[in-house]
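Put the complex together from the two separate chains, hints included.
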Amino acid sequence: MFSTMDSAPASYTDTHRPAPAVQISGAAVVYDGEELFSSLDLTLEAGRITCLLGPSGVGKSTLLRFIAGLAEDASGTVTLSDGSATAPKLAYMAQHDLLLPWLSARDNVVLGARLRGETADKARAEALLQELDLADATALRPDKLSGGMRQRVALARTLYEDRPVVLMDEPFSSLDAVTRHSLQALAAEWLRGRTVLLVTHDPLEALRLGQRILLLAGKPAKLREVAPPAGPPPRDLQAVGMGEAHAALMASLQAAKAAR
Amino acid sequence: MSANLRPLAIALGLLALWQAIVWLSGVPPYILPGPELVSAKLVEDAPLLLHHAGVTLTEILLGMLLGTFFGSLFAISMVLSQGLRAWLLPLLVISQAIPVFALAPILVLWLGYGLASKVAMAALIIFFPVTAALLDGLRRADPGQLDLARTMGASRLSTLIHIQLPAALPAFASGLRVAAAVAPIGAVVGEWVGASAGLGHLMLHASGRMQIDLMFAALLVLAVLAISLYAAVSWLGGRLTPWRSERDR
Chain A
0 MFSTMDSAPA SYTDTHRPAP AVQISGAAVV YDGEELFSSL DLTLEAGRIT CLLGPSGVGK
60 STLLRFIAGL AEDASGTVTL SDGSATAPKL AYMAQHDLLL PWLSARDNVV LGARLRGETA
120 DKARAEALLQ ELDLADATAL RPDKLSGGMR QRVALARTLY EDRPVVLMDE PFSSLDAVTR
180 HSLQALAAEW LRGRTVLLVT HDPLEALRLG QRILLLAGKP AKLREVAPPA GPPPRDLQAV
240 GMGEAHAALM ASLQAAKAAR
Chain B
0 MSANLRPLAI ALGLLALWQA IVWLSGVPPY ILPGPELVSA KLVEDAPLLL HHAGVTLTEI
60 LLGMLLGTFF GSLFAISMVL SQGLRAWLLP LLVISQAIPV FALAPILVLW LGYGLASKVA
120 MAALIIFFPV TAALLDGLRR ADPGQLDLAR TMGASRLSTL IHIQLPAALP AFASGLRVAA
180 AVAPIGAVVG EWVGASAGLG HLMLHASGRM QIDLMFAALL VLAVLAISLY AAVSWLGGRL
240 TPWRSERDR
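Here the protein sequences line up with chains A and B, keeping their order. Taking numbering that gives the first Met the number 0, I'd label the letters of the first sequence as residues 0 to 259. Taking numbering that gives the first Met the number 0, I'd label the letters of the second sequence as residues 0 to 248.
Since the hints were derived computationally from the structure, they do not count as laboratory data. Check before you lean on any hint, since a few could be wrong.
[Stated by the list, open to error] Quick look at which bits of chain B chain A covers, simulated, 3 or more residues with Cβ under 8 Å: (1) 15 to 29; (2) 42 to 49.
[Stated by the list, open to error] Derived SDA-like pairs: lysine to any residue, alpha-carbon spacing no greater than 25 Å straight-line: (3) A/K221 with A/S55; (4) A/K88 with A/I23; (5) A/K88 with B/Q81; (6) A/K143 with A/K88; (7) A/K88 with B/D146; (8) A/K121 with B/G236; (9) A/K221 with A/A254; (10) A/K88 with B/T158; (11) A/K121 with B/L156; (12) A/K143 with B/L156.
[Stated by the list, open to error] Label pairs and their in silico Cβ distance ranges: (13) B/W242 with A/P17: 27 to 35 Å; (14) B/W242 with A/G56: 30 to 38 Å; (15) B/L239 with A/G146: 25 to 33 Å; (16) B/I105 with A/E34: 52 to 60 Å; (17) A/Y30 with B/A180: 39 to 47 Å; (18) B/L83 with A/S80: 36 to 44 Å.
By construction, the Cβ of each residue, glycine as well, lies at the ideal position given by its N, Cα and C atoms.
Looking at chain B on its own, in the form it has when it is part of the complex (with noise of 0.2 Å):
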């Protein structure tokens, strides 16, 4: 099968195997409603869902933005210092030892129950794996190129911009691919916690209601984005490193 078409069908045995579920089960459509149903939500809801998924698509990309900014900062000073990296590295293992759902209602109250809480957790969230993969990418440069370039007079700084960061490109592509997975949870994470706009605020606020239909709409949204996403940052990754072959990322 081409490799175009396998999305497609695994999207399409998934709903096949939901409906199916909900045949043979039994289930009430209160407790399990069907692919149907959920399909006519998402048509009759359509502007309401395409707002909060606006909502929550803005929180995860600024996260994304942020956390992947202050990650590369901290790796590369980690890098270029040695002092420094003594420093930093006790904090990043610190920044992960903390679950950062528990941060969710601090960060909720300190930030205020809009977008800054929502960035703030999607970006914490991602702080993480993108400061570890750069940082492990950075420090996996081919040490015969390092050498090489001692040897042709460059600058710390220079060896750092021709030689480490493309070296790091496809390990931070890595770490960026696990960003676009795990960001989306620390956006709904801080909806759940309090919103007034946003996927995860709408399904709360559905569950409050007895709204299923409408929950199972959002949550199929929440998927749709958060594979869209996935798939962005794959294919940027690719992009950006064209020279390592399909068989290697």
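In isolation and in its complexed conformation, chain A is listed as follows (with noise of 0.2 Å):
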């Protein structure tokens, strides 16, 4: 589907110094007037990408949400293991791809620097559109791109930002199987190297992406490791032992989802 994925990046530190390990302490939520955790502690490793599974409402995109430093009502600390303050380090991918309407997909992906005041690196944006089989849109607005293309624009605005730790939360929901199923090939080449929590509702996902799987679940929600498959992502879901993994995987989400 996407042509041009030979042409897929680097990893990120051939470029760039190593990304930092983010180590999240005491993270405790309230929403709505229930705790969804308290006392949370979670380091995402240095440069790999971890997958976090669990119910739906258990609280994992507000978990993302406090790292991301969105969360209200939330105490505990996030700090980066270089010792660098952590926002400018950050790229945020929500679940809608929160595409401005009225400007054109290369100026969505330019968005912030816009917003930061800084100059806006046009060609580096269209070439990230480029990548992403995106050439005929740059010049198109939202409402004339379908839903995939849309997240794809989400998806090359957050890597325009070339942050060093990505969150980003159910970003591929919304899309048919088949371009689910290429934008995480590309997404694991453009993140590698990088320090990533991604949210998912799709334990496939996980096994797919997941260098580190973790499961919320509980009230207050706490988390646990699964082990995550042998070899780099983005792996094959035909692989030997990808079957049982999977299974594996729904039993403890089943069990998850027992427990609330």
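Following this line, the structure appears as structure tokens:
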């Protein structure tokens, strides 16, 4: 589907200093008067993709928003292992594309630069859009794009930020299976070397992309490790052992759901 | 029927209705003059009508500019500062609670018989719809987009300029359409209370001399003025928000 896949970028660490680990300690969030989780500790390992699974409403998105500094009624700290400030190192991608309807795809991609008053690198934005098979759409407004295209523009906007830490909240959940599959592969290439937290409700996505898989469950919610399959992402779902891994993960998810 | 022809058809229909009422009721022309009498007057007194229409249009446009400026200032201040909002919101409600018509004599007393008092009337009458519409639009920006802006390190002002203001444009355009419809009322009421020029003044003047055909001619010109203004503002609103489909406007 994405013909320019072979020109996918080198690992993040080839061009940047290594991405830091993200340490979350004592995270506590109250939502609607209810404690979603408290004194939650988590370290996102440097340069690796961590997938976060769990039943709906358990607080996956809230934990991600907490790390992004967006949660209200929250306490706890988020620090980076290199000691630098968190906010300028983060890129955030939500479940919805959040494209600004009055801007072209290209201008949406450079939104961060515009908002910070920096000069937008339109050439880089166009190159990113081209990588995502959107070369013909750079000048189009979101209302002229399909759902899958819009989500790819949102991905390009996230990648344009070029941050060492990337937080993604079910970024591919609204896409059809084929688009999702290709985007996962593409994202895995682009995210290599960055510290990533990917919230998902799709066990297959976690098995495909996760170098570490976490399960958030219970009330207040606690984290549990699930062993990821071997090999670097994006993994082939037809590979040996993937069926068993899927079955095991599904069993854990069902247990987590029952525990609620 | 083509959408372009519809306004023309409506106008012709109204004219026909007017003529029919004149014929069927047998009302004498000094009570209700027919379209042909008024048309004759329109042609005959065209320079006079145009002169007064120019005055009224100037009042309306200046009033809209002033009202829109202060309305926008109010709305933006209220969005930027929670503290200011607490102080400005009651002022906004008070501005709406006082009937602007009741202020007309005071404004004429303060600002004189000239342009200023009418501009102030028009500005006052559109202040509330413009402020309320823009405030509503600004506050209805997508929270997800605002969150995204925060994670991108956007300042409060930059978020306002790049996200909230464009998002508020459709609501703002609606507010301006309402303003275009009510601003002429403010100007004309101001002219009735005391003026030396303008369509309202001309109508009052004609009324005193029983020149009913001139009154109707002035009224017709005022209607055309108000409708053109509304159409122009609507068109401008559409041009400013091209991402919105026709259906949403």
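Verification of the hints:
1. 15 to 29: With 0 residues in contact (Cβ-Cβ under 8 Å with chain A), the coverage given for the region 15 to 29 of chain B is violated.
2. 42 to 49: violated (count 0)
3. A/K221 with A/S55: 14 Å, holds
4. A/K88 with A/I23: Cα-Cα ~15 Å, so holds.
5. A/K88 with B/Q81: It is violated: about 30 Å lies between the C-alpha atoms, which goes past 25 Å.
6. A/K143 with A/K88: 32 Å, violated
7. A/K88 with B/D146: 16 Å, holds
8. A/K121 with B/G236: 29 Å, violated
9. A/K221 with A/A254: The hint holds at about 13 Å.
10. A/K88 with B/T158: Judged against 25 Å, a Cα distance of about 19 Å means the pair holds.
11. A/K121 with B/L156: 23 Å, holds
12. A/K143 with B/L156: Given pair A/K143, B/L156 is violated - Cα atoms ~29 Å apart, limit 25 Å.
13. B/W242 with A/P17: 27 to 35 Å: 41 Å, violated
14. B/W242 with A/G56: 30 to 38 Å: 33 Å Cβ-Cβ, so the 30 to 38 Å window holds.
15. B/L239 with A/G146: 25 to 33 Å: Between B/L239 and A/G146, where Cβ atoms are some 27 Å apart, the hint holds.
16. B/I105 with A/E34: 52 to 60 Å: 59 Å, holds
17. A/Y30 with B/A180: 39 to 47 Å: 44 Å, holds
18. B/L83 with A/S80: 36 to 44 Å: Between B/L83 and A/S80, where Cβ atoms are some 42 Å apart, the hint holds.
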